[in-house]
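These are the residues of each chain, in order.
Protein chains: 4
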Amino acid sequence: MRVTVWNEYIHERRDDAVRAVYPDGIHTEVASAIRDHLGEGATVVTAVLDDPDQGLGNLDGTDVLVWWGHLGHELVADEAAARVQQRVLDGMGLVVLHSAHLSKSFVRLMGTGCHLRWREADDRELVWTVSPSHPIAEGIPPVFSIPQQEMYGEYFDIPAPDELVFISSFTGGEVFRSGCCFRRGRGRIFYFSPGHETYPVYYQAEVRRVIANAVLWVHGGGQSPLHPDESIESPTGWYE
Amino acid sequence: MRVTVWNEYIHERRDDAVRAVYPDGIHTEVASAIRDHLGEGATVVTAVLDDPDQGLGNLDGTDVLVWWGHLGHELVADEAAARVQQRVLDGMGLVVLHSAHLSKSFVRLMGTGCHLRWREADDRELVWTVSPSHPIAEGIPPVFSIPQQEMYGEYFDIPAPDELVFISSFTGGEVFRSGCCFRRGRGRIFYFSPGHETYPVYYQAEVRRVIANAVLWVHGGGQSPLHPDESIESPTGWYE
Amino acid sequence: MRVTVWNEYIHERRDDAVRAVYPDGIHTEVASAIRDHLGEGATVVTAVLDDPDQGLGNLDGTDVLVWWGHLGHELVADEAAARVQQRVLDGMGLVVLHSAHLSKSFVRLMGTGCHLRWREADDRELVWTVSPSHPIAEGIPPVFSIPQQEMYGEYFDIPAPDELVFISSFTGGEVFRSGCCFRRGRGRIFYFSPGHETYPVYYQAEVRRVIANAVLWVHGGGQSPLHPDESIESPTGWYE
Amino acid sequence: MRVTVWNEYIHERRDDAVRAVYPDGIHTEVASAIRDHLGEGATVVTAVLDDPDQGLGNLDGTDVLVWWGHLGHELVADEAAARVQQRVLDGMGLVVLHSAHLSKSFVRLMGTGCHLRWREADDRELVWTVSPSHPIAEGIPPVFSIPQQEMYGEYFDIPAPDELVFISSFTGGEVFRSGCCFRRGRGRIFYFSPGHETYPVYYQAEVRRVIANAVLWVHGGGQSPLHPDESIESPTGWYE
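Residue numbers (our numbering), protein chains in the order written: chain B, 1 to 240; chain C, 1 to 240; chain Z, 1 to 240; chain W, 1 to 240.
In case anyone wonders, no lab produced these hints; they're calculated from the structure. Being a predicted model, the structure only gives us computed values, none of them experimental. None of the hints are false.
Just so you know, same-sequence chains aren't split out, so a pair can sit in one copy or run between any two.
Below, a list of computed lysine to any residue pairs in the SDA-like style, where the Cα atoms sit at most 25 Å apart: (1) K104 / A77; (2) K104 / D78; (3) K104 / D63.
Chain B on its own, in the form it takes in the complex (with noise of 0.2 Å):
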């Protein structure tokens, strides 16, 4: 399996505060955890927007693409926007991090506005398994609690999730749906709101552990390609 994380790389290389929790770029970070529980079980590279093609000539080379973006969103092409959305209903898998949900890609693919109430906070947000037989949910406790975190809440303007895996709380008494399977075409998406900037999130077991774990759930098996001579949208013979 091969996975690229890929990384806007703005807040890190702007803000010490920011530099101070990631000092390689929350790529980096993000990457190891999922190297450290698949192992050999999957060839994890890092891409950022200043790469050349933004860090997404290899598309097709890519079996799962995490995806990290706040600042940069309308900064990707939008050519490139429709390329990763196409590859998605092409069979590759796609985790979405936290303020990603703005991505282009990610929007594109919901058909929605996917907006969602905020606030910048230091709130404890607490993670809550509803489908314990799912498994993104293997090895996570029924209930996680992050110590910092930004706050996001209800109404969050998404289709509804194929498969709803966690809602979070927030201090403030908001509710949010954290973790969010979907699929498209011929490809899965999982959508996992924990990791903020400012925050230390991505350190912490449970957070990883969910993050290896989408890697494998949106990666995993599905239809090879149709036949040629099954292709769709275009006359095809009586089945005999």
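Dock chains C, Z and W against chain B, hints included.
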């Protein structure tokens, strides 16, 4: 539309504190909420466990059954619970309130344990809408607060709802899928957790509106019984 | 309820065979079906691609938009398609008919390719109800037959519908999810595949009833716009 | 992974025509299909109704139970059916084959009648994939044909599946949701309709692959039992 509000009617007769809140029984107040909103649109009657046939002698004449129970779940006859289940499968609407998550009929219709996390408490409950296009959310603000409530929390051991309308949070940080729609056979079910015998929850405007909306939703529409010569689980001719 | 039936209105003007079936345009017949069923309950107008603003100048005054298109998908302005999408997210109902599965607005709302298997044919289509409690199935028999139809088959590249109401089979043995409900933002969408320009499908009683039911369903209920001080994607105070 | 293939084993002993197809019983052939695909990955045993404890004495040592039944549904003890249900809720996977849609355990887990339209016939069944990204569809073509089959048709009286993987059509024009995923408690269930005692369906490569995929899917992942001090339906401390 003929609505029956059923209540075991035990707490209110045993316990002064409960009777102080619901002197005529929870069923009376819930029925009043439905009448206030639906007016001429519904004929609302009440029934209690001590009635002849445990108050369930006229299920065939009932379009929507609203159920409140807690201490008396085991007192309801298995045969009666089976009849309620069958009537739902045949098209009767069912609104299940608060502690009726463990009522025999609901447990049979869900097929799961229907357990949940629980704490007797004075928590503030916030109820958040997560399906703003749903008829049961009509007229309900994006969030409303119930000042005092018992805590019901995840994991709530139900099948994933066909439509999830509300998620609640509690002072303790717990979350709960508090408004859940299910379709079973030709019938519809809505589970709504707010409401406790010692707090005046059923006097609150938003709660009353949700219950009335739910009565409309579980009732509305749906297919007539299958035509006799289309009966299921029997040989069927070739359709031409 | 203000309903607009939109049609590209190209086939009927170009092709004698189509004009013979729909002399006043498909939109006129679909509008008539809705008026027949909803009577005073709806004000139904029609609009076509050649109208000013491509017939989409009054979306704000439209509660439900019914869309028929095929040859002219690419002629609809991107800006107009984006406005339709946004109006749905803001609460307008949308009924998408037959070949409009590839209309720009629907594709944007789905986020997928919306392709399907296809054969120009004289197949008999059988439409089976798989959600008998759904309002869109009200008054519809367990199965009905359309004597002549173009074949639309799986795989239909859409997100899993929030509610699946009808599945069709064709003489060739293909199957198709032919009646699909989606909730997006504050709006609702119903896709219904029966209906082809060269067959008199829109004169058939069951099809007319389904379309009228769908108009009611996509319109009904739902939450008022969020209160200004509850606006999404902006800082929000602590809720108390 | 410890897999038990359970069969009532009645048809094959009573009826020469069935024995000619499955001389060692359907269970033996289904077990062979699973072994062929999973190899060392699974320990597969068989059990039949006439075994001690009706073949259900070692549920605690079973990770995945595959169930075939038809004539003997009523012979299975209520207590045994309840134990199967509970084990699923506790995390055991369950694969339900063909006429086991009316097995006591499945009916209890669904909460509905589980009836379906039916015709003893020599229909050709076409099985279409409608969720190409699903692990159970891995390696399965977009459509495959079963030359001779009994007809099972809609309306199939089950809850809407959590994931719908296959839809079948029959020569008679009927359709059927033939591959259905359900999550219940900590367990997963897959219902797969192809397979009849008088046709050699379980020798067909695609069917064998689907069953093996299903065994993997119902088994995989999921959360460990709740920690004792997190036990459900009991007072819970404030989470900090």
